[in-house]
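Participant: Go by the hints and put chain B onto chain A.
So the chains spell out like this:
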Amino acid sequence: MSLEAFNHSEPLTLGVELELQLVNTNDYDLAPYADDMLRLMAKTPLPGSVVPEMTNSMIEISTDICHSASEVLGQLTPIRDALVKSADKLNIAVVGGGTHPFQQWHERRIYDKPRFQELSQLYGYLSKQFTIFGQHVHIGCPDADAALLMLHRMSRYIPHFIALSASSPYVQGQDTAFDSARLNSVFAFPLSGRAPCVLTWTEFEQYFNKMTRTGVVKSMKDFYWDIRPKPEFGTIEIRVFDTPLTIERAAALAGFVQSLGAWFLADQPFIPEEDDYLVYTYNRFQACRFGMDAVYVDPATGDHMPLREHILHTMDKIAGHAALQGASSAMHMLRTEVEAGQNDARWLRERQREEQLLAEVSRQAAQRFRGGR
Amino acid sequence: MNEILSFWAQWLRPSAGLPTVQWSLLLAVAAMAGYLTQRHTGLPKVLGYSLVGTAAGLAGFSGAVWPLQGIGLFLLELGIAIVLFECGGRIPLRWFRHNPMVLVQSIAESVLTYFAVYWVLVWLNLPTQVAGPLALVALAASPAVLTRVVADTRAAGPVTERAIVLTTLSTLYALTLGSAKAELINRQSLTLMETVYPVVVVLGVSIIVAAVLALVLRMALRFMSPTSENTSMLFLALVAAGTAVAAHMGGSAPLAALLGGMLLKQLNPRPWAWPRQLGNASSLLTMLMFVLVSTVAAQADWSAPVAGVVLALIAVRLVAKATGVALGNVGSGASWKQALWVGCAMTPMSSIALLIASQFVLASPSTGHVIAGVALPAILLMEVLGAVIATVAIYRAGESSKPWAPLTRGHNGENSRES
Chain A
1 MSLEAFNHSE PLTLGVELEL QLVNTNDYDL APYADDMLRL MAKTPLPGSV VPEMTNSMIE
61 ISTDICHSAS EVLGQLTPIR DALVKSADKL NIAVVGGGTH PFQQWHERRI YDKPRFQELS
121 QLYGYLSKQF TIFGQHVHIG CPDADAALLM LHRMSRYIPH FIALSASSPY VQGQDTAFDS
181 ARLNSVFAFP LSGRAPCVLT WTEFEQYFNK MTRTGVVKSM KDFYWDIRPK PEFGTIEIRV
241 FDTPLTIERA AALAGFVQSL GAWFLADQPF IPEEDDYLVY TYNRFQACRF GMDAVYVDPA
301 TGDHMPLREH ILHTMDKIAG HAALQGASSA MHMLRTEVEA GQNDARWLRE RQREEQLLAE
361 VSRQAAQRFR GGR
Chain B
1001 MNEILSFWAQ WLRPSAGLPT VQWSLLLAVA AMAGYLTQRH TGLPKVLGYS LVGTAAGLAG
1061 FSGAVWPLQG IGLFLLELGI AIVLFECGGR IPLRWFRHNP MVLVQSIAES VLTYFAVYWV
1121 LVWLNLPTQV AGPLALVALA ASPAVLTRVV ADTRAAGPVT ERAIVLTTLS TLYALTLGSA
1181 KAELINRQSL TLMETVYPVV VVLGVSIIVA AVLALVLRMA LRFMSPTSEN TSMLFLALVA
1241 AGTAVAAHMG GSAPLAALLG GMLLKQLNPR PWAWPRQLGN ASSLLTMLMF VLVSTVAAQA
1301 DWSAPVAGVV LALIAVRLVA KATGVALGNV GSGASWKQAL WVGCAMTPMS SIALLIASQF
1361 VLASPSTGHV IAGVALPAIL LMEVLGAVIA TVAIYRAGES SKPWAPLTRG HNGENSRES
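Protein chains in written order, with this note's numbering: chain A, 1 to 373; chain B, 1001 to 1419.
The set of hints was computed from the structure by calculation and includes no laboratory data.
C-beta atoms are modelled at their ideal positions from N, C-alpha and C, and glycine is treated no differently.
Do not take every clue at face value.
Claimed, not checked - Calculated cross-link-like contacts (lysine-lysine; reagent style BS3-like; alpha-carbon spacing at most 25 Å):
no., chain 1, residue 1, chain 2, residue 2
1, B, K1337, A, K85
2, B, K1337, A, K113
3, A, K218, A, K128
4, A, K43, B, K1337
5, A, K128, A, K113
6, A, K113, A, K218
7, B, K1337, A, K89
8, A, K89, A, K43
Claimed, not checked - Sample of chain B residues with no beta-carbon within 10 Å of chain A, all distances over it, derived:
no., residue
9, Q1022
10, A1028
11, L1051
12, N1230
13, L1236
14, S1364
Chain A extracted, bound-state conformation (with noise of 0.2 Å):
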């Protein structure tokens, strides 16, 4: 299979897909309730989708396309409270965060669609051990060369996107000490981790001829690149989000990767290179390990630096294309919660110290998924 045309789309619109926790109300671990939330939620226009996952206790919601973070958050409202109400009738909760605290991964069921069955002859254990939440971000760009140089630009920001959106501190009932342990899951499959630094379409083209000619990859789908190209939208989309615990922060992550996008189209402020990939997975790493508390090695200079200084700093530079972008008071709240260090994974920790009992975190995330708090 040849690799499809990248197909136009308006520079700098955002497409977000949102993956979700389905729990019970009694004790709030994971249901096996998407067929119901998904014929329930047929019966209410909404704008976007919700269409299955892997498993049979998420479900995913996504936009249509759209043109500022104040757009996805307005698309993502209703969207979040019909899921609500329609949870509310099934008895059953709907949660953010990249994983669910104490879920057993081997009592999951893989949903039943001819892709995921397929996937799961494949990976075995791997696809329920994928019963993980994250936020992808689709943005659109102005043509396929474009689209990567974006795509490595955006690369060097990926310990940003994880320090912000991290959510999954628990697995398996324990605290991993990671922000986002979620990551870790997603290291296991092939094909995994960054893309190739190719930065003409033809370039990719080429890759992508020689890999399936391999036998090893099929088409875009089977590449679990925290980046990837996705032609047939004409954008690229960014995967290493955690699924926030609100979808206020799950706009303003949009917004702040609208907001980087927009500065790499102005500015055109660095030429990729195959070395910023030197300290990518070191950072990619310090960044999962201790989020807003991480390291972060800049890959032109060679710096170490505190990675949330770094967040704060990028933010100043990008300021002036966040306010073009209507992004602003997005970025406002992200740089509120970096200044205190404050992150999901950080509020969920906070919640279980004084808790001493993941299901209720459950429950209070919850809560503040459908606005409570």
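Facilitator: Positioned in the frame of chain A, the structure of chain B alone reads:
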């Protein structure tokens, strides 16, 4: 069998008495039967327990007296109370505000079951004072069987949850009306006030006991972890005390436990992690309950006319419950297929039905004898058959987290192990 037991009694002088030895050995056999049933057929362990109890009852085992009284009655009530307290805690009242059709489903299936069974029994020439109580016995589904089936199949999902809730609610109605009806069984020409009064007493006393139980536990949960072993022991001790007190004061112990669970869920919406800690003590009590029910139920007198009435009762009950669930299904958020499986999962009849029948026998030995003549075989049959139907329903609804054991044995050692 009685000769063997009397022979034992001559030379064995155990410290806790011979019945303790007999029951302990019976439970040991039941435990093995439960294990083997699940290991080799994939059917729930309760089936093995019930079969051992049935065999003991048919063989004339004298360890369980009918009508139930004394320690046997207390243990049965305690077992039911523990199950019902937990089931009550699975019913958040706010759900009915968001989805009133679930309540409609529950009321429809209960009303339909009561009247359908009543009319069919009257049509079969049973006197109305027998048909009425039997219809109340038929009303009660069995949360105990269903929750054991759910545990054995490791089930979760919309059918499982809704079946547990509807089963618990039907139990609530059956216990309230059954206990009140037992009070009225010997009275003639009642005024409305005289009819309602026993219902108010049963409910009132049960609510008071439930409130005390819920408030004490609510207070304890303010400073005790729900995952602590001590919290579980506190719960067990309090339910046992409530069980001993409720019936004595004119209420119903299982009803008090059920209402206590519902009340605690309202007062304390935090997750219920602590029932998991109850562990083997609760499982042993539940097993004893199943063995006791089947041992007693197997002592019924069987005859062809009785068999006909029993089969008619069971058939009408099955249809009425399924129809009631289907009637209220519109707009309840469940598919028609799910409604069918919910109806099937509600078919078991066990300890609560036996308890209600026992109340009728104690209240009026003459009428009660006729009631028990039909109720006991029906309970026995539906404890076993109902468990099988509920298991099939859960597997067919796709809500078991493991495949049917016999189909996978040999391919996957994990699945063949006891859960």
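Participant: To test your reading of the hints: which numbers does this structure violate?
Facilitator: Result: no hint breaks.
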